[in-house]
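Visitor: Chains as they are written, first to last, in this note's numbering: chain P, 1 to 358; chain B, 359 to 801; chain H, 802 to 1076; chain U, 1077 to 1393.
Among the hints, a few may not be true.
[Stated by the list, open to error] Calculated lysine-lysine pairs in the BS3-like style (CA-CA distance at most 27 Å, straight line): (1) K14(P) / K913(H); (2) K968(H) / K350(P); (3) K129(P) / K913(H); (4) K93(P) / K788(B); (5) K953(H) / K14(P); (6) K129(P) / K891(H); (7) K129(P) / K893(H); (8) K10(P) / K952(H); (9) K928(H) / K10(P); (10) K968(H) / K10(P).
No lab work stands behind these hints: they were computed from the structure.
One-letter residues, chain by chain:
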Amino acid sequence: MFYREAGQFKTSYKADQALFPILQDRIGMAVILIIAFVVIPAFANDFFLTSIMIPFLVFALAAIGLNILTGYCGQLSLGTGAFMGVGAYAAYKLTSIFPDANVIVMVLVSGVFSAAIGAVFGLPSLRIKGLYLAVTTLAAQFFLEWCFIRIPWLYNYNASGAIEVPRREMFGFIVTGAEALPITRYFVVLCITAGIAYLMANVLRGRIGRSWMMIRDMDIAAELMGVRPLRTKLMAFAVSSYICGVAGAMMVFFWLNAAEPSSYSIRLSFQILFMVILGGLGSLGGAFMGAAFIWILPVLLKFVPGLLGIDIAAETVEHATFMIVGALIIFFLIAEPHGFARLWQIAKQKLRVWPFPY
Amino acid sequence: MRDFKQLAIGAAVAVGVGLTGVMAPAAQAQDSNYVPLLTYRTGPYAGSGIHIANGMHDYLKMLNERDGGIGGVKLELEECETGYNAQKGVECYEATKGKGALVYNPYSTGITLQLIPKASVDKIPVLSMGYGLSAAADGNVFPWVFNVPDTYWDGASVVIKYIGQQEGGLENLKGKKIGYIFLDAGYGREPIPLLEQLAEKYGFELLQYAVPGAEMQNQSSQWLNVRRDRPDYMVMWGWGAMNPTAIKEAVKIRFPMDKFIGVWWSAGDDDAAAGGDGAKGYKAMNFSGVGSDFPALADIQEHVIDAGLSSTDAASVGGTLYNRGVLNSVIIAEGIRTAQELTGKKVITGEDMRMGLEALDLDEARLEELGLKGFAHPMKVTCEDHAGSHPVFIQQWNGEKWQQASDWIEPMTDLVRPLLEAAAKEYAEKNAPWPARTEPCPN
Amino acid sequence: MNAFVADEALTPAGPQASGEAEVLLRVDNVSLAFGGVKAITDISFDILKGEIRAIIGPNGAGKTSMLNVINGFYHPQEGTITWRGKVRRKMKPYEAASQGIARTFQNVALFKGMTTLDNIMSGRSLKMHRNFFWQVLWRGPAEREEIEHRKKVEEIIDFLEIQAIRKTPVGRLPYGLQKRVELGRALAMEPELLLLDEPMAGMNLEEKEDMSRFIIDVNQEFGTTIALIEHDMGVVMDLSDRVVVLDYGKKIADGPPEEVQASQAVIDAYLGVSH
Amino acid sequence: MLYDIFIDPFVQMYDMPDFFLQVLWEGFVAGILYALIALGFVLIFKASGVFNFAQGIMVVFAALTLVGFHENGVPAYMALVLTVFVMGILAYGVERIVMRPLVNQPEIILLMATIGLTYFLVGFGEFVFGGEPKQMITEELGLPTGSTAFEIGERGLIILQHIDIAAAVIAVIMVTALGIFFNKTRIGRALRAVADDHQAALSVGISLNQIWAIVWFAAGLVALATGIMWGARSDVSFALEIVAFKALPVLILGGFTSIPGAIVGGLIIGFGEKIGELYWGGLVGGGVESWLAYIIALVFLLFRPQGLFGERIIERI
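Extracted from the complex, chain P is given alone in its bound form (with noise of 0.2 Å):
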């Protein structure tokens, strides 16, 4: 009854091509960028902000990236964990090496550097496909990590291993740091991943991201249809890379602090790739619903009893959350394998016919 489109009209194609060309849809997008950039600044508290909303926006940023390889282009990548390391510690030499420079430039600039190494590895993509393909990225997942352990130049040679974020300043607010307050953090990633996300969002509706999808559904026909195979997919490769690249970046500068080669392991990979998956391949929207889903669960998991009074052990709480989410994985695949982007537009059909059921 809310959610009907009938009576809206378009007059031009610019119209018909918007982002959102129903009312409802900019609506709600509306409320929720009111909500993300009002609301949750005023009311949620820096637990909220700090262990929810910034890895959540990091996360769904890793997720656009991935989904736009796996989801839009039809390449299956294990790698995202890698990629997105070589975006953190390209981040990491950047501002050592520039420390007057805008650390957030730094961060989008980062993302190049993966986007290079991502072409690379997707070179073997114009001969391999499918799970095929999913071992060159594991290649690739491997050697990366091995490299972030074995080039200490990686590292400016800590004798950490590690990379620790040092504190920057813009327009006089810290931003990255220890004393970086959540709220200032959780705007940058806020700004970064929603305006990546528009962007991406502009790619996918027009020829190239047509194009990626063309391969994605028939490269055979896609190419005799003029689509150059390597070249598309290869530029899939690097944005996608270069999105994981930033996140990965973020993920370090906004989010941990500090990083060793194993916060970018092949379990990272596979977190990405859930929030794919089960959020909807080939949907931005997805990426989100899939990030929510399989970061704030378990953080839901791990302090809601604890905030009830219910008092469980810690370990059994871990083992019961990976239970929950194993099997809400299999469950929620079983109910809809298109994920929650094709939940919501269920949803949406039936408000649309509501209140008859077809």
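Given the coordinates of chain P, assemble chains B, H and U onto it according to the supplied hints.
Guide: For chains B, H and U alone, kept in the frame of chain P given last:
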């Protein structure tokens, strides 16, 4: 299938509702001292983590049960599971710091490094007992971080000193080959600069064998290399599942076990037991008591374990890692007690705790008073020196349990201290602007 | 690379209209084998500009392989292909596409995850040039380009009478409509030569009539040269200007429909005479 | 530098032949173990097209169950029987709860489901058995423990672990048994039919559900054998899970559906890894084992995208 979908949507709504719960601010405890314990009883390093967690928990719990806490104020304990995972470590920190946390013991180099810069901002000290960042021993640069009783560099110097003793003097190390097998992470790499320096000084050859984290349980290549190189001694910096695997492999290639020496984190009972009979003779450094023959441990047995207040398996009390956890808690408890004495307050804050730890003086008499005579070397923290470079002993596995195999050995402080200070300076420079110490050391 | 696309393809000029027909594509002595299996043996024929050329033959005669050779998907071991008077070197399929060769497929090869509109828009890929950075910005050149091409695509949608399914994901369309969308996608490329691989397979009579009408309209209105594979002899005889007949990878007849229909070799091939 | 890469390693091999043989033996043993893990993958992939990511955790889970039973006082052989029973229940449960509702989904969805299963089993396993590493009950199961040393010449020495020999023997027995099972029994034939074409198999009256439960059970048995062997080499803990990733390059080499392929692929990776690490790894600081297998598989793929035993792929439209 339709029902499934409705259920799925329902579940999503439930998650949303739960979220609002987390947003509510956590209640602050006022009548107790709050000590969060970042532990890991799951994940690949759980094998070592569980014993530590039990030890830490049980001693503090015992103080609550037996003495009603410290200074008449109960301790509020909360375990938070990190799984040795940096992401969850930060999460635990953020979740607990608002409740008036007094001190953090991350038991993971990665999490420690994340907390070090935060410590001075949030004014909560980090106690990384015998791990973490070695440079943190410099209290001038790191007023909020404590790594008593020793740093890895202290440990590395003790191993070399001990090997020197075995060979009848450090000068006899010339021309010897010493192998170093380590977990390929910051933890295992940290001692290398010192070992290299010692190698140069005493003329032995240092051979390095890195074990990647993912290959912890697959070390046959490293040990084949050991077999080829035939080092005279092997030194190990391992953790978690790496330890038992390494010991098994050493047995397999018939390496003389009494020439195989682990760091204090490679000193678990399970680690050595995994090697079976062949592991007899394996040595490891240690700075916490061997065995359960201490009055305080008996109290734990009585007040905590027998009372069913702990998940500890009674047989594991007195194990090296369990005792390590106990020692960690002793330092926490003594820190709190000292802080209470210094400030006159019963319920203290993180800042008070820092003062308490900095004035920590665990002497022979106090240890005896605690029912832990001989459990640890007397240790003292000063404002400048947060590690103290205390003596360490070597213990040996007799096939069933650990036995002390050497006297307390002093680290080569003269060599280590300048390194520590240089490293601290370097850290501060790299992380410029590093906050300066706010309250100067009383000289 | 994809700069050269003839605009004159749009100017109506049937072959019958102009007497001296230009050869658009010529295949000379082409052979193709997979391992030891010979798919095509020594085939030569040509396609004149503006005509409808049919390729027929029993199952396994090598028809689809022939199309694949023409649009660069397979590379023949022997023989040459001459395109607009120039011998073509070995090339990639996307190069053939950029030269103005479009095709449809025997088993519908639409992009299943995309809507009808996006599928047809995908046919415009070669004609859109705004690079990544304009696309990221969207406002301005990229949006204008998109709208400009959208207009062209809407013309095709109108032409094929598929307005109602514009925003429907193609996976949900019935088979007949999918074939039509596929034709639309190929048309969106504004090809000079359109290869149709069994455009009417599996259709009912009504759908076949519609499709035939579209094919003739495309040929007449846009002047597009068409090469099609089809099994329905009635359709072939009605539509095509000239017919090539293949059997076991060899050419057995070539000429106007009525002539081919009368050829003994063709009758034998279809009725099955032992070789 | 060139000398170090191209000549020195071979000189070393020649100079210390006993050591080289030992390296080969270690490579062989590692290869057998990789092959065993890969075998579990192959069984399930062949019959259902599912790339079972949970195979690694099934190895840990089987071994933990075995040790767990024994710790609770069940005699070793009885524990073994009970574990087999548990793996059977697991197979049935997976088929009933996970596979059946997901039939006909794309392979990536099935892959994800098995990753979900991995998470579940990790949590469940730790919940039931605790997180600390356990020691495999090698002796109690009657497996040999010692080692035999062959002394060659003056300093030559080759040490063979009895448990490794046992691993090789068990691997051979398992592969043979599976071969016989696949080729000679009715269920085996049905299984191959299912592998070829689900629809066709259904149409001749083969129960897919039954077949899937059987392959998952078979994979569970393979996992148990693998778990015992790996557990005896290091110990039984969840860190072992990561080793299971090594099965991927093995499968790439050997092909996803070929049992002999899994064995050959495993051996290639095993030999390649050990030789690479011991003779060339030192040049870049060692520890190359963590990625060498993947790079070997990758390079191999670039030249033979269809795998070792696969047929050349002809793309069709």
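Visitor: Determine which of the earlier numbered hints do not hold for this structure and return their numbers in increasing order.
Guide: Violated: none.
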